[in-house]
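Just so you know, we're using this note's numbering here: the sequence shown kicks off at 7 and counts up by one.
Treat the hints with care, since some could be wrong.
[As the list claims (entries may be wrong)] Quick list of simulated restraints, FRET-style, between CB atoms:
| hint | residue 1 | residue 2 | range |
| --- | --- | --- | --- |
| 1 | ARG72 | GLY41 | 22 to 32 Å |
| 2 | GLU159 | LEU98 | 17 to 27 Å |
| 3 | LYS185 | ARG271 | 34 to 44 Å |
| 4 | PRO294 | LEU23 | 50 to 60 Å |
| 5 | ARG312 | LYS102 | 44 to 54 Å |
| 6 | GLU142 | ARG375 | 53 to 63 Å |
[To be verified] In silico EDC-like links for lysine to aspartate or glutamate, alpha-carbon gap of 20 Å or less:
| hint | residue 1 | residue 2 |
| --- | --- | --- |
| 7 | LYS185 | GLU91 |
| 8 | LYS251 | GLU285 |
| 9 | LYS391 | GLU56 |
| 10 | LYS71 | ASP25 |
| 11 | LYS62 | GLU383 |
| 12 | LYS79 | GLU26 |
| 13 | LYS391 | GLU416 |
| 14 | LYS102 | GLU91 |
Read the hints as simulated data drawn from the structure, not as lab findings.
Note that the coordinates shown come from a computational prediction; the quantities given were computed from them, not determined experimentally.
In this text, a Cβ means the ideal position worked out from N, Cα and C, and glycines have one as well.
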Amino acid sequence: MPAEEFYSRPTICLDKLPDELLGEVLRHATWVPYGIHPSDLVASRMQSSEAVENQKDYIHSLVTKRYLIRVCKRWHRLAFLYLYEWVLVSRLKNLKGLITAVERRLFDDPERASVGRVTRRLEIDFRWTGREGVDELRQINILLPSLLQSLVELEILVIGDCFEVQWMNPWVSHTLCPKVRYLNWVAPQVRPIFKHWINFLQSHPNLIGINPPEGMSLNRITPIQLSHPQITAWTTTSTDPVVPKVFPSLRRLSVVFHFGKLDERWGERLITQPLLSLEILQLNVFYPTHKLTVDTMLETIQPLYRFMPHLRRVELVLLSWNAPETWSRYAPPASVSVLGVRVRSTRPKKQAVKHLLQILRGIVQSTPRLKIQFTDEGTLRPILKEEEYLVRCAKEGKIIERWLDHEGCEYRLPVE
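Start from the sequences and build out the full structure, keeping to the hints where you can.
What follows is the structure, encoded as structure tokens:
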């Protein structure tokens with residue numbers, strides 16, 4: 007809620023409320039969901055429109071919170087903590103200041119816990135200029151463990167490619183963020199030490215979803231006795247694919263594709279044994295599909311379905327609406343009932359929207375049992391905006407005329 011709207015409701019004298027109720031009012035006025043959906047354990051360019059909007063709302067809410075803590079000492083004491091539930095760091099100097107802030111005692115009372123106990127989500131996304139020195143990069147990797155030591159209630163950790171593997175050293179990492187549930191580490195250049203990852207998994211039993219840096223293969227040296235039954239979401243890449251054997255409860259597998267043409271043995275490196283718990287396969291197309299005349303990505307993944315006997319849903323996450331013609335021949339296995347589609351481009355031309363719906367019609371024709379679902383509200387808007395044009399196309403039999411929206415409700419173009 008914007009600060010102006012909050013202050014324009016003088017029907018209740020807030021100062022007469024007890025601390026507990028006033029604190030709830032202030033929280034309601036500034037709260038933004040800090041959670042992360044497993045489908046968003048990818049690079050920011052591939053995340054859902056809901057995740058993008060949440061981050062915008064969070065930034066706007068900071069303005070309101072900063073106004074609230076300036077009203078009076080009482081409001082400062084009650085609203086101060088809400089500044090630290092979800093923390094976004096974009097500059098090195100902010101990281102230094104944050105360490106000092108989270109080490110403070112609540113309300114400056116030495117008998118109370120530290121401010122860091124309030125933080126549930128930490129997102130560090132530095133904007134690099136390319137002029138940073140070696141000492142500055144080294145300093146960042148030293149500061150991260152110092153910060154994480156105070157965040158004992160942290161649930162979500164999102165860090166970029168500025169961090170190296172030192173912070174995962176077992177001597178340090180086993181005490182960091184014991185309650186962390188999601189780790190999203192977007193780092194294409196990092197080669198983590200495998201033993202460090204094993205120790206990290208063993209010391210963080212609450213982990214549910216991980217997006218690790220590229221090149222991390224647990225299968226190479228993982229001890230047989232290691233098992234992490236809580237992991238249900240895992241992200242890997244087509245360039246260096248790996249699905250660890252130590253996750254028997256894996257329900258969602260997300261693969262990021264950097265190329266549209268893969269070698270035939272690619273799948274053998276990705277999966278080596280059946281994934282009996284897998285229900286959702288998310289395919290993130292992180293390359294310009296409109297530049298390719300031949301795209302074999304969906305064909306290459308077909309042999310892998312024999313390792314996914316209980317797969318019920320496949321999701322396509324696209325950067326643009328220009329899907330390759332070869333995709334119209336795609337036929338998911340019989341167990342799959344829903345093909346989810348999410349497109350990050352929000353301002354497509356109507357011809358591009360029509361083209362994607364044509365491709366989807368080809369898929370549905372070959373697998374009539376399949377339902378198409380647009381899993382993101384940001385994907386639905388461009389389609390509904392061109393409804394009149396798409397109705398004419400549907401009457402000509404060129405595109406699909408029904409689908410599920412992001413809430414699972416059926417929608418049909420008014421073609422009759």
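Exercise. Of the hints given before, which are not true for this structure?
Worked result: none
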